[in-house]
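Asks: Listed here are the chains, written in short residue letters.
There are 2 protein chains.
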Amino acid sequence: MEYKIANRMSTIQGSIIREIFKSANDPEMISLAGGNPAPETFPSEELADIAYDILKNNPVLSLQYSVTEGYEPLKKKVRQMLKDSEGIDAPQDQVMILSGAQQCMDLCSKILINPGDTIIVEEPSFIGSLNAFRSFEPNMVGVPMDEDGMRMDALRKAIEENNNVKFIYTIPTFQNPSGITMSLERRKELYEIALENQILIIEDNPYAELTFDGSKLPTLKSMDIADIVIYAGSFSKILSPGMRLGFTLAPAEIVAKMTIAKQMSDVHTGILNQLMADGFIERYDIYEYIARARKIYGKKCAHMLKCMEKYFPPEVKYTHPTGGLFIWATMPSGYNSMKVSDICAAAKVAFVPGNAFAVDMNKPSPSFRLNYSSMDYDKIEEGIRILGETLTEIMNVKSKA
Amino acid sequence: MEYKIANRMSTIQGSIIREIFKSANDPEMISLAGGNPAPETFPSEELADIAYDILKNNPVLSLQYSVTEGYEPLKKKVRQMLKDSEGIDAPQDQVMILSGAQQCMDLCSKILINPGDTIIVEEPSFIGSLNAFRSFEPNMVGVPMDEDGMRMDALRKAIEENNNVKFIYTIPTFQNPSGITMSLERRKELYEIALENQILIIEDNPYAELTFDGSKLPTLKSMDIADIVIYAGSFSKILSPGMRLGFTLAPAEIVAKMTIAKQMSDVHTGILNQLMADGFIERYDIYEYIARARKIYGKKCAHMLKCMEKYFPPEVKYTHPTGGLFIWATMPSGYNSMKVSDICAAAKVAFVPGNAFAVDMNKPSPSFRLNYSSMDYDKIEEGIRILGETLTEIMNVKSKA
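From first to last, the protein sequence lines stand for chains A and B.
Note that the numbering used here has the first sequence beginning at 301, numbered continuously upward.
Note that the numbering used here has the second sequence beginning at 301, numbered continuously upward.
Excised from the complex, chain A in its bound form:
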């Protein structure tokens, strides 16, 4: 039988991101490709006790169907965390527990995007979000970034030149893939522009807690006097990604629509997982664990940067992130990171070529993303050594040619 697939799927190239996740799970691969948190940050002993206690003491609550909006006590704890950590005052009915922050992108796309509507994204940006958007057939417009984040001149131009802009998608802090953090001035300007043009902002903020030195900039949501920001948060980088726990803080009307869409998608987020997160925050000081994770990531990042200094040819430039999970490296223009990726994959080293994060994935990119969180120190060095040697060889060949 010839299967007639819907048109919306034709623009999605599933291969790259699927290969990332597969390679991240291949024990023989040195994967600098994924966004996997460091496994040594998982509080597995604590969670084992909590899961046991919940299932013993609350068997019905933890195994029966639950409500779509999420477990109310966990929503309350999320509100408290948003208050303590980001200075955001979040009403209970504007918080919703999701099956990972990825689901926020899926549900927002579903409830907001008519085919052909414009959405504006930073370029480069997170492939998982871009694909979620793509699958609802928007006119996706990329706005370039500089070291302070999304460029406001380009944003204004994108809004002027495109009708019906539904939302602006940004990861303002420790951006994926670039590691760039949007400056305070830019944040204010972005909010002003969005407000002036009555355009929603989706603020994706999964990495904010992973600041190496503890410093933080105000979130766009904390500036949101007019209910135009949809905020997405995640437990993936502070507790466990395998539990698939994220949340949104959004205008009540948007939450109501997202609830309907979630009902049709997965009914509710696994309730045992919600109870485990709730129990963990109840019993332990989650900020102590976050502080530990910050240290681990800061050290791993410094280690990778040291290795890059040692093994990379000087022509390759890269960011020096102050938090998050990623370093963004760029070869001189004309080089194609996809080719480097192919060579390294054969040598069992994986990373993500830059075109994966572009609006037009078919355009070759000289940039690539490196993750320092999931591998141990030796593997980071080994991976960067192989990658560095490959880069050196390629540059030598080209300079000789």
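To be clear, the hints were calculated from the coordinates, so they are not data collected in a lab.
One or more hints might be untrue.
Heads up, the list lumps identical chains together, so a pair's fine if it works in one copy or across two of them.
[To be verified] Below, simulated EDC-like cross-link-like pairs (lysine to aspartate or glutamate); rule was C-alpha separation at most 16 Å, straight line:
{"id": "1", "residue 1": "304", "residue 2": "527"}
{"id": "2", "residue 1": "457", "residue 2": "496"}
{"id": "3", "residue 1": "304", "residue 2": "553"}
{"id": "4", "residue 1": "606", "residue 2": "681"}
{"id": "5", "residue 1": "356", "residue 2": "340"}
{"id": "6", "residue 1": "599", "residue 2": "681"}
Since the structure of chain A is provided, determine the placement of chain B on it from the hints.
Replies: Just chain B, lined up with the frame of chain A:
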């Protein structure tokens, strides 16, 4: 700000199904509305031990990101269950673990439906599936049922009269909401018609294991010589719905597209939940637990039927299911079950009026769905008594008028 919601959301009435789930979680409500399994069937002690052991012994596997297709050993166990229980030979790459069977409907809709494409559904049918389909803006055509399931004359007519039929959706066994099981002859005929017209079938089969006397009819998937059936199964009714674990068995090309769509939706199904199901099937004989559940549901169903005999006016007819979770009751034509539902809700008894399961939800229905699995014996009797008295009163008023 005025939020511009996408057109696809305009046809979805979220209120009914959300109220069902909320009422099912309201401790003061006698809810005959939900589809909640009996909590006494949950193997919570066993799952507590398993969760503890997994988190202690496999902390990284159980808390790290995992692959979109699902945990391979669990997929293997699903294949074995499909073989033992349904006589289906399922290749490993055609099985995929989902976040509940609901997700199968969401992903299938996403990868298959272009706006305006025809899909054919039994009428009445499960509201969760209908809403998932609706949200991708198909031309949804209902086919009436009789006591043997979907009527084949009406199905042929629907196919003749509509272009571009993408799939036929059916719950052939212990259908939700009607409790009807499609006869063997009808199954064969349905498969023949679909094959002849090169139309996919989505076979939703979450209740098949809940057969009171152990008897079973062959699934459509077991007849599928031409790879035209997408089969959806669930752990919700045999292990726990709160864990959100379902699966699909589908043609490899469909699974590949669903994998891409799932990646954009929730990345993967909670891995601890997958490991818990895997561990449960590994350590225990799941069929012993299923046999226990069958007995519980058979007794609860018989109890509800006895109460209905006692309290319902003779004008109200109802099905006598041989499995599953639901009884479908029908008042004489002209009566509106939505009105009965409103009166009973005030008396703290909830059930689902029939129009919720129709293609046109705005058309009043004399039918309604009753669930016997989630309440205890006393509450079932109390609920049916209040409902019966309400029905009697309404019939008396009308007959006097």
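Asks: If a hint holds in the structure, say so; if it does not, say that too.
Replies: How the hints compare with the structure:
| no. | hint | in the structure |
| --- | --- | --- |
| 1 | 304 <-> 527 | between (41 Å within a copy, 14 Å between copies) |
| 2 | 457 <-> 496 | within (14 Å within a copy, 54 Å between copies) |
| 3 | 304 <-> 553 | between (35 Å within a copy, 11 Å between copies) |
| 4 | 606 <-> 681 | within (9 Å within a copy, 72 Å between copies) |
| 5 | 356 <-> 340 | between (27 Å within a copy, 14 Å between copies) |
| 6 | 599 <-> 681 | within (13 Å within a copy, 64 Å between copies) |
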